[in-house]
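J.: Chains A and B supply the protein sequences, listed in that same order. In terms of numbering that gives the first Met the number 0, the first sequence is residues 0 to 529. In terms of numbering that gives the first Met the number 0, the second sequence is residues 0 to 334.
For the record, the hints were derived by calculation from the structure and aren't laboratory data. Please note that the accuracy of each hint is not assured.
Here are the computed lysine-lysine pairs in the DSS-like style, where the Cα-Cα straight-line distance is at most 27 Å [said to hold, decoys possible]:
id: 1; chain 1: A; residue 1: Lys330; chain 2: B; residue 2: Lys124
id: 2; chain 1: A; residue 1: Lys352; chain 2: B; residue 2: Lys209
id: 3; chain 1: B; residue 1: Lys124; chain 2: A; residue 2: Lys408
id: 4; chain 1: A; residue 1: Lys382; chain 2: B; residue 2: Lys209
id: 5; chain 1: A; residue 1: Lys332; chain 2: B; residue 2: Lys124
id: 6; chain 1: A; residue 1: Lys361; chain 2: B; residue 2: Lys324
id: 7; chain 1: B; residue 1: Lys191; chain 2: A; residue 2: Lys385
id: 8; chain 1: A; residue 1: Lys393; chain 2: B; residue 2: Lys209
id: 9; chain 1: B; residue 1: Lys191; chain 2: A; residue 2: Lys382
id: 10; chain 1: A; residue 1: Lys352; chain 2: A; residue 2: Lys199
id: 11; chain 1: A; residue 1: Lys382; chain 2: A; residue 2: Lys330
id: 12; chain 1: B; residue 1: Lys166; chain 2: A; residue 2: Lys361
id: 13; chain 1: A; residue 1: Lys352; chain 2: A; residue 2: Lys385
id: 14; chain 1: B; residue 1: Lys191; chain 2: A; residue 2: Lys393
In case you want the letters, here they are:
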Amino acid sequence: MTITTKTAASEADTAANNSVQPILQMRNINKAFSGVSALTDASLTLMPGEVHAIIGQNGAGKSTLIKVLNGAHKLDSGDILYQGNPADFNSPHEAQVAGISTIFQEVNLIGYRSITENICLGYEPTRFGMVNWKKAHAHARSMLARFGLDLAVEKPLQDYNIAIQQLVAIARAVALNAKVVIMDEPTSSLDDKEKEVLFKVIRELQASGVAIVYVSHHLDELFQICDQVTIMRDGHTVAQHAIKDISKLQMVAAMLGRDIADFSDQTSQNAAQQPFSEVLLEVENLAGAGVLCDVSFKLHRGEILGLAGLLGAGRSEVARAIFGLDKERVKGKICVDNQQVSYDQPIDAINSKIGFCSEDRKEDGIIPQLSVRENLTLALMPKIAKNGLINETKEREIVTSFMRSLGIKASSMEQPISQLSGGNQQKVLLARWLATEPRILMLDEPTRGIDVGAKAEIQNLIKSLAKKGMTVLMISSEFEELVDGADRVIVIQAGKSVSEITSENLSENAIVQAVAHEAPRSSLTKGSAA
Amino acid sequence: MNLSNMLAAIPGMSRHNSASVRTEGVWIALILMLIFAGLRYDAFLSEYNIMTFLSYNSMFVLIGLGMCFVIMTGGIDLSVGSVVALSSVVVASVSHLGIEVALPVGILVGVGAGAINAFVITKLKIVPFIATLAMMLGARGLALVISDNQSVPVSWESNFTQFGLGKAFDFLPWPIVTMLVIFAICWVLLEKFSFGRHLLSVGGNEDASKLMGLQVDRTLFSVYIISGALAGVAGVMLASGYGAGQPLEGMGWELSAIAAVVVGGTLLTGGVGSMTATLLGAILLGLIFNILNFENGLGSISFSAYWQSVIRGGFLLVVVVIQAKIINRQTMLKS
Chain A
0 MTITTKTAAS
10 EADTAANNSV
20 QPILQMRNIN
30 KAFSGVSALT
40 DASLTLMPGE
50 VHAIIGQNGA
60 GKSTLIKVLN
70 GAHKLDSGDI
80 LYQGNPADFN
90 SPHEAQVAGI
100 STIFQEVNLI
110 GYRSITENIC
120 LGYEPTRFGM
130 VNWKKAHAHA
140 RSMLARFGLD
150 LAVEKPLQDY
160 NIAIQQLVAI
170 ARAVALNAKV
180 VIMDEPTSSL
190 DDKEKEVLFK
200 VIRELQASGV
210 AIVYVSHHLD
220 ELFQICDQVT
230 IMRDGHTVAQ
240 HAIKDISKLQ
250 MVAAMLGRDI
260 ADFSDQTSQN
270 AAQQPFSEVL
280 LEVENLAGAG
290 VLCDVSFKLH
300 RGEILGLAGL
310 LGAGRSEVAR
320 AIFGLDKERV
330 KGKICVDNQQ
340 VSYDQPIDAI
350 NSKIGFCSED
360 RKEDGIIPQL
370 SVRENLTLAL
380 MPKIAKNGLI
390 NETKEREIVT
400 SFMRSLGIKA
410 SSMEQPISQL
420 SGGNQQKVLL
430 ARWLATEPRI
440 LMLDEPTRGI
450 DVGAKAEIQN
460 LIKSLAKKGM
470 TVLMISSEFE
480 ELVDGADRVI
490 VIQAGKSVSE
500 ITSENLSENA
510 IVQAVAHEAP
520 RSSLTKGSAA
Chain B
0 MNLSNMLAAI
10 PGMSRHNSAS
20 VRTEGVWIAL
30 ILMLIFAGLR
40 YDAFLSEYNI
50 MTFLSYNSMF
60 VLIGLGMCFV
70 IMTGGIDLSV
80 GSVVALSSVV
90 VASVSHLGIE
100 VALPVGILVG
110 VGAGAINAFV
120 ITKLKIVPFI
130 ATLAMMLGAR
140 GLALVISDNQ
150 SVPVSWESNF
160 TQFGLGKAFD
170 FLPWPIVTML
180 VIFAICWVLL
190 EKFSFGRHLL
200 SVGGNEDASK
210 LMGLQVDRTL
220 FSVYIISGAL
230 AGVAGVMLAS
240 GYGAGQPLEG
250 MGWELSAIAA
260 VVVGGTLLTG
270 GVGSMTATLL
280 GAILLGLIFN
290 ILNFENGLGS
300 ISFSAYWQSV
310 IRGGFLLVVV
320 VIQAKIINRQ
330 TMLKS
């Protein structure tokens, strides 16, 4: 089912043979949130001086594992052994005092205080009860000097960029005598040069025997800096490997829960009856929004185009850029109907009949306080309201017809949307856009977090819409869904469109090969992944 | 029993936003108090008391309704009390031109203040609390400057004072008529117009609203202008009802307005709200004062103004706690 799995126990045996004790062991950790399991029998063994990567898709349980480790969450069952003794931290602070420090994505230091204060806060050197600033500054300087950094430690932290702030956070951890440092996506906001500095610091820590837990979705990085990798999926730690024994392809396969051999070479059944010819949307050299550096593709009328890529590759950012979100941050050319367009805000995109169903239903999809009816017709107000007065008869007709045609299950159209199941909420959001009769519908993870039955229904719905002439841009991290649904797939890697897989070559295997392909190529090469 | 249910039974009068609030708590409190006061004080249910009570509280209802719009978007408007004072001073000085001129002028003063609030909030991205706090201080200062810290007498020759003291058809005081008309407009605006949907949506989930192409800034702009305009009307009522522009009146009224909204069950976090509940909330808060005045009139106990405020505060807390319990129980029953 999965690639070879070593258990924590066998790993521990190996460790014992080498007569080095693990600094930290998590064994059979279980954790559930209001009945929903987030971690199931998760295990992690950490040796001193090792950089240990944890990888997995969104929702695989990486952050929960970290939070159980650093005391932010209480575990339901399982053991944590720290330096050979059972450990039970009630808060991240307790863990920190014991020597386990966490460096979060968003640096959790105090921006408007000086670097010295940030490093020394809570244990400032004092003299006659007053802070001895001279000594404190010297201490801060010496901590940073270890990493080859020479900063004005009296200046407020916020005067420095994120990379430096992160290093200050690490310096604080080291100053607090950390034995384990947990880093959550440490490179997500760093450029290449800053990354090098960080890696140097990590190697320095490693040499002094500190163990590092390194959570990242940038798989290429792991080969540069990590020794071990633990792969998580659906709350399980499915595999642990020495980094030198595993390929990127194997990592991706394990994250998706598949054996490489299992990836079907079965090509898609949707070979188009006639080739799509009319280009409806064209994107050229899209860059910006933090992650995008060069994305180009064409979308034809009546086509379902899939966007594939790993987490953080920039798939959602492409759709957001087209839709007029993050306008000021995006460069590049977007053409609809061979006309170059530049939408300042979503309403402009909606007016030219583009819809966008976003990835996160809770965050920017539903209005939880409003009913099914109100949620469904919100983007439709210009159509059903005359001079602002809502035509309620028309509204009810529209809602009734969509609830029927999409099979939305609710006690009535007046039920608050927050009480519906995920699948039904998703259908309401789909209906919201369908009601605007878009020419192009962009769907970001249309079936995430919904049950199998509803999933199939939504997938079939998308297909039948395309048959009726709608053009769909479908973003999905499930390759199976793309093979099943899409006519063609564009693979995005680190903000670049690296390859195109046409319908005759479209298979899970082709996608996984393209996604895990080592060096991102700069230009779009047709069918290269097949 | 429940007016909103009774209204719902009438075709076309049903509530059209599900983001409504449960008003049972306010209704129960209101009815219990009416029964108590009706039995205890002879003159309580007299026409005179009812009319005076409602006339006086019209001003609070108006600024409460405006506040409700603002709070539904997740904002707050602390400037309404000062805007009432500013409006009253300005309209007093034009009162000789008659109510036909004075009322639009008063509304304009409020709209102006509201537009500045809205500009600072949506364009300069200052949080509503701070932006309207600045307007609260500024408008108060302006009222004092214009009036030279004196109350500004109004003209009794023109029809200006009719607006505050006269009666429609020799029966219903104009402030009550104004209040009912404005309440009806606000209700329709919230329940029947896309504007109401938009503001609840913006208050409920701003990111999602943006993604749906709603004009978030325009919606926010409108609510602060409405709140200002209603404070402006309340200022006209104040000047014409008291025969003078009052630069020092309206202190703390913004808090009464917030209290009325909250007692009605509207959440300060935005996304839900009800005009009916706000109307009831404002009346309930006014009723406490009315009852305490009657109690003082009986002579056995005497509550000073200070004690009245303490009692009102305590009462506010009790109603809000009861409301919270009802809402919690209902959400638990549903899930």
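J.: Take the hints in turn and mark each one as holding or not.
T.: Hints versus structure:
Of the pairs offered as hints, the one joining Lys330 (chain A) and Lys124 (chain B) holds, with about 25 Å between alpha carbons and a cut-off of 27 Å not exceeded. Restraint check for Lys352 (chain A) and Lys209 (chain B): satisfied, since their Cα atoms lie roughly 16 Å apart, inside the 27 Å limit. For the hint linking Lys124 (chain B) to Lys408 (chain A), the alpha-carbon distance of about 41 Å lies beyond 27 Å, and the restraint is violated. For the given pair, Lys382 (chain A) sits about 18 Å from Lys209 (chain B) by alpha-carbon distance, which is consistent with the 27 Å threshold.
About 30 Å separates the Cα atoms of Lys332 (chain A) and Lys124 (chain B), which puts this hinted pair outside 27 Å; it is violated. Under the criterion of a C-alpha separation no larger than 27 Å, the hint pairing Lys361 (chain A) with Lys324 (chain B) is consistent with the structure, at around 26 Å. Distance restraint check for Lys191 (chain B) and Lys385 (chain A): the Cα-Cα separation of roughly 11 Å lies within the 27 Å cut-off, and the hinted pair is therefore satisfied. Annotation: proposed proximity of Lys393 (chain A) to Lys209 (chain B) holds, straight-line Cα distance about 24 Å (limit 27 Å).
Distance check on the hinted pair: Lys191 (chain B) and Lys382 (chain A) sit about 15 Å apart at the alpha-carbon level, within 27 Å; holds. Distance restraint check for Lys352 (chain A) and Lys199 (chain A): the Cα-Cα separation of roughly 50 Å exceeds the 27 Å cut-off, and the hinted pair is therefore not satisfied. For the suggested pair Lys382 (chain A) and Lys330 (chain A), the alpha carbons sit about 32 Å apart, so the restraint of at most 27 Å is broken. Between Lys166 (chain B) and Lys361 (chain A), the direct Cα distance comes to roughly 52 Å. Violation of the 27 Å bound is thereby established for this hinted pair.
About 20 Å separates the Cα atoms of Lys352 (chain A) and Lys385 (chain A), which keeps this hinted pair within 27 Å; it holds. Between Lys191 (chain B) and Lys393 (chain A) the CA atoms are separated by roughly 13 Å; this keeps the pair inside 27 Å, and the hint holds.
The structure is inconsistent with the numbered hints 3, 5, 10, 11, 12, although it conforms to all the rest.
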